[in-house]
Amino acid sequence: MFDTAFHLGQSHPGHWHQNLGGVAANVACHLQRFSDASVSFAGLFGDDDAAQWIQSELNQCGLQLMPNQPLQAASPSYTAIHQQDGAVIAGLSDMVLYRQMDADWAQKAAQFGKASSIWVVDTNMSGAALQILGEMKGQSSLYIVAVSPAKMQPVVQNIQHIDGLICNLAEARELLGQQSVNVADAARALNQLGLAHAIITDGANPCVSSKTDEELQSAQPNPIDSSAHLTGAGDAFAAAFLHSYFMAHPQNCQFALSHAVNCATLALQQPQTCPALSWQDIREFQASNE
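Using the working numbering, the first residue of the sequence shown is number 69, and each one after it goes up by one.
Worth flagging that the hints you see were computed from the coordinates, not collected in a lab. Any given hint could be a false lead.
Keeping only pairs whose Cα atoms sit at most 35 Å apart, straight-line, the calculated DSBU-like set for lysine-lysine is [as the list claims (entries may be wrong)]:
| id | residue 1 | residue 2 |
| --- | --- | --- |
| 1 | Lys176 | Lys219 |
| 2 | Lys205 | Lys182 |
| 3 | Lys219 | Lys279 |
| 4 | Lys279 | Lys176 |
| 5 | Lys279 | Lys182 |
| 6 | Lys176 | Lys205 |
| 7 | Lys219 | Lys182 |
| 8 | Lys205 | Lys279 |
| 9 | Lys205 | Lys219 |
The model shown is predicted, which means the values in this text are computed figures rather than measured ones.
Can you build the whole structure from these sequences, using the hints too?
Structure representation (structure tokens):
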């Protein structure tokens with residue numbers, strides 16, 4: 069993060085720190101911390117020191133890890149450069165390892181997670197791998213948490229297998245091929261494609277559209293400190309929505325959306341990209357803002 073105002077082409081004083089990351093890993097860690105339910109994680113790991121550190125961090129969160137042989141590749145990483153106000157100037161992704169999330173890996177992952185009632189997948193995998201997961205999910209619900217507009221093609225190819233999508237408006241527009249659609253119309257359009265739930269964020273203004281409910285649900289955003297660190301807030305939002313909807317307040321989209329907004333706001337106040345928040349923390353924060 070820069071310590072001074074950013075000027076293109078100039079050197080700047082700043083500071084950096086390293087956190088556990090990755091959308092799927094962050095969501096899994098949050099879900100594990102929210103309850104005593106068993107949460108499993110299926111991923112790939114490189115053969116470097118970073119992989120050992122990542123696995124140690126995931127184990128400390130209490131996740132059950134899918135057995136894997138280390139692959140001869142660097143562990144995936146994402147480097148974000150932030151302005152003083154927390155806004156991302158640029159991000160560099162080294163995701164070569166994800167290319168090995170192929171159909172064979174997906175079959176193993178599906179077997180590993182067959183006892184789970186909810187599968188949460190990010191878009192860092194191929195369309196072929198997502199297709200296998202969709203075809204093998206059985207009675208499990210498959211929810212996708214988007215990573216970026218550039219990685220929406222696997223969702224487009226497998227929309228018929230997906231129960232719910234959590235994404236931002238830019239990602240929804242990319243999926244729909246409609247660059248001017250507003251958030252409400254985008255959510256309804258995704259329902260028409262077959263999604264049971266479309267949860268879309270537009271800045272700090274999220275909404276959720278349910279295929280079985282004619283009313284579009286929305287939530288009022290909380291005030292956000294201008295110096296907030298934005299990376300990871302979306303992962304906290306996704307995890308809180310899923311936990312609330314499937315466990316804390318089953319089938320209540322409005323409650324789930326409210327919890328998600330409060331969790332994201334609380335996460336923004338922490339220096340880590342995946343802060344150790346409990347469900348009680350979120351409930352207390354929500355009560356203090358009512």
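Outcome of the hint check:
For the suggested pair Lys176 and Lys219, the alpha carbons sit about 23 Å apart, so the restraint of at most 35 Å is met. At most 35 Å may separate the alpha-carbon atoms for a hinted pair to count; Lys205 and Lys182 meet this at roughly 7 Å. Between Lys219 and Lys279 the alpha-carbon distance is near 24 Å, which keeps this suggested pair within the 35 Å criterion. At roughly 31 Å between alpha-carbon atoms, Lys279 and Lys176 fall within 35 Å of each other, so this suggested pair holds.
A threshold of 35 Å between alpha carbons decides the hint, and for Lys279 with Lys182 the separation of about 25 Å falls inside it, so the pair holds. Simply put, Lys176 and Lys205 have alpha-carbon atoms about 12 Å apart, close enough for the 35 Å limit, and the pair holds. For the given pair, Lys219 sits about 25 Å from Lys182 by alpha-carbon distance, which is consistent with the 35 Å threshold. A threshold of 35 Å between alpha carbons decides the hint, and for Lys205 with Lys279 the separation of about 20 Å falls inside it, so the pair holds.
Simply put, Lys205 and Lys219 have alpha-carbon atoms about 22 Å apart, close enough for the 35 Å limit, and the pair holds.
Every hint from the earlier list agrees with this structure, and none is contradicted.
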